[in-house]
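Got chain C sorted already, so can you dock chain Y onto it with the hints?
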Amino acid sequence: MDQFLGNIGLLFEFPIVNLKIILDGVMVGALFALAAYGLALVWGVMNVKNLAQGDFVIAGGYVSWWLVQHGFPALLGVPVAFVVMWGIGWVIYKLVISRVIERDLFTSLLATFGLAIMMAQIMNLMFGSDTQSVDLGYPTLHFFDGFIDLPIAKLIGVGMAMILAAGVIIFMKSSRMGQAIRATAQDARAARVLGIDTEKVYAFTFSLNSAICGAAGAIIVMVWVIQPFYGISYSIRAFVIVTAAGLGNLPGVIAAGLGIGALEQYGAHIFGIGYQQAVAVLLLLLVLLYRLIQQRRNRQVLK
Amino acid sequence: MKKYSMLSILMAAVSLLFTQGAMAACGEIHLGSAISLTGKYATNGIHAKNGYDYAIQVIKDNGGVMIDGKCYNFRVTYYDDESKGDRGATLAERLISQDKVQYMLGPYSSGMTKAIAPVTEKYQIPMIEAEGASRSLFNKGYKYLFAVLSTSEQYLASAVTLAAEMAQKQGKEASSVKVAIAVENDPFSLDIRAGVSEDAAKFGMNIVIDEKLPRDLSDMSAILTKVKLLKPDLLIVSGHSKGAATAVRQLEEQNIQVPMIALTHCEAANVIGNFGAAANDILCSTQWAETLSYKDDLFGTAAEYEQNFKKAYPEYKDKSVPYQIAQASAAVYVFKDAFERAGSLDKEKLRDAIAATDMMTFYGGIKFAEAGNNIAKPMVLRQIQDGKYNVVAPSAFASHKLNWPRK
Chain C
-12 MDQFLGNIGL LFEFPIVNLK IILDGVMVGA LFALAAYGLA LVWGVMNVKN LAQGDFVIAG
48 GYVSWWLVQH GFPALLGVPV AFVVMWGIGW VIYKLVISRV IERDLFTSLL ATFGLAIMMA
108 QIMNLMFGSD TQSVDLGYPT LHFFDGFIDL PIAKLIGVGM AMILAAGVII FMKSSRMGQA
168 IRATAQDARA ARVLGIDTEK VYAFTFSLNS AICGAAGAII VMVWVIQPFY GISYSIRAFV
228 IVTAAGLGNL PGVIAAGLGI GALEQYGAHI FGIGYQQAVA VLLLLLVLLY RLIQQRRNRQ
288 VLK
Chain Y
193 MKKYSMLSIL MAAVSLLFTQ GAMAACGEIH LGSAISLTGK YATNGIHAKN GYDYAIQVIK
253 DNGGVMIDGK CYNFRVTYYD DESKGDRGAT LAERLISQDK VQYMLGPYSS GMTKAIAPVT
313 EKYQIPMIEA EGASRSLFNK GYKYLFAVLS TSEQYLASAV TLAAEMAQKQ GKEASSVKVA
373 IAVENDPFSL DIRAGVSEDA AKFGMNIVID EKLPRDLSDM SAILTKVKLL KPDLLIVSGH
433 SKGAATAVRQ LEEQNIQVPM IALTHCEAAN VIGNFGAAAN DILCSTQWAE TLSYKDDLFG
493 TAAEYEQNFK KAYPEYKDKS VPYQIAQASA AVYVFKDAFE RAGSLDKEKL RDAIAATDMM
553 TFYGGIKFAE AGNNIAKPMV LRQIQDGKYN VVAPSAFASH KLNWPRK
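As given, the protein sequences belong to chains C and Y, one line each in that order.
When the letters of the first sequence are read in order and numbered with this note's numbering, they come out as residues -12 to 290.
When the letters of the second sequence are read in order and numbered with this note's numbering, they come out as residues 193 to 599.
Only chain C is shown next, with the shape it has when bound in the complex (with noise of 0.2 Å):
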């Protein structure tokens, strides 16, 4: 308790480490709203509820990773993740996706998990079970008599995670695919009559998730460490920020996701870094809570 005190107290002793602890969130966060955005898609589009989701982050790390080992410029990672993933999520919608869309919550769960534990022990197998980083060797930048840092690494990697945002976004609403997928979600039968090819839209709408996470695995290996079996601790914040803000609610998946970043680096510091995830996994428990009242509240009027 006095160690939760303290803590607290270092914060108003020291003010301008509540800024740095932001900064640090929103950075983090900034990622995970990536991973959760690939998910509020598949999950409205298709209702599919993917929890392999942070496998295929991880294993765009690796994409990047490797190609690092073999001599390539970090920074093309992020593309290269992106279509090699792309293309890996494309396999995986053919192979298993596409049987269990039709079916109810519980096959699509199993078979996501099954996936999961999969796509774990296969990386684990190909590169091994140690931590792996992309050192992109640029300097760091210090202000406030060294308080806040930021990286130019981590800068770059938020930038990118940027740019994919605003790229996905203004494609969902221009592209003739865009539209597609869009109508797809709202009615998929009315989709169908109306000449859509759903089956089409929906592998894309998998190889798109995909081919997001892998791009932000590569953004998390430039800034952060991986590791085959870290794809859980992923696909746990993702899931916690599509049910905090709903699906097709783009604005507010990326608001919580800088949210839930920074609230986790509170908890961090307040209670111990121990309980960083801790603090995520609250949040979806208390959001779950709202929900169920809202719904009761709901309910009642209908009666």
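These are computed hints drawn from the structure, not numbers from a lab.
Ideal Cβ placement from N, Cα and C applies to all residues, glycine included.
It is possible that part of the hints are untrue.
Claimed, not checked - Covered by chain Y, according to a simulated footprint, are these stretches of chain C (three or more residues, beta-carbon under 8 Å): (1) 6 to 15; (2) 109 to 115; (3) 133 to 139; (4) 258 to 266.
The following block gives chain Y in isolation, referenced to the frame of chain C:
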């Protein structure tokens, strides 16, 4: 890299086929081991297996194990425990009751050893393990468990002593040293924390940060911010390779200035290769280093062991051989020594012979306490100096001087 290892496995298999035919005169001692070939401990599990296999090959090339005038060679049945404790225990049962294994080599990690030890104890099977350092393994009264490595509470405790020495050199009290501890919440790292805080308490030092790292750590900036605010004189981080990698990367990013920083698992995280100059002047604990002056008749000096091992396993040629391999080989060596002293294949006689072990090896002295832990070998601290690991403590073995303060 991958191709090399496949090739070497193939070559080893072929050579094994040939030598087995030629050496038919020797008997066989059947060892068993459940070890992590997949899962989160896979990297180190494979290191340990290579260490076992290498020692077995060396013993074979040097005439095998002589028991009562007859020569024997070791053969090991390995099962993959998938880095899961319950799986490890099941496989140990299977090795003992189905494969009739009478002597066991240990798995990788304290957790796995903890899962398997009750099984070997139940069947009274002597197990020499090389990769489980948790001190909780040695307070259960196990009679058949022996470990060649130093127990984990010693890993970074020497850094506390070193910090006290430096403070006294500066004309300050040892009790003025402020210590920050960040360790993972697992048995191994918690032992390290216990060892450090016990020694810090002895000196009357103040522990200003004491935090647990999560299993899936990839960001510890929250702790490092506190380090910046509270300015400890000694920072201890232990969280396997992810802890080392994250610490080194973020220490540099946040420009943290602590006079002394001590980590575990520097080699596993390859902090020099991955982060270059950012890793300079960090202290790393190790069970063993090839620059130490230990030697024996079978493997030669520590340096010779390293060179010969690299010849046998070319996939290690570009890095220094991890201590996990050396201690695995040492475990096999203890078996050979004990069998020869026991002069019998009887497992009870063997157990007593192992308990009476008192030998010098390339890996260090080996002499077991009542509880089965090795008390003849100290822990070593190395400092990363210009991209090289140099031994700086304990001073009796130190080849280099400590760089202090760090920045």
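Hint by hint, which ones does the structure fall short of? none
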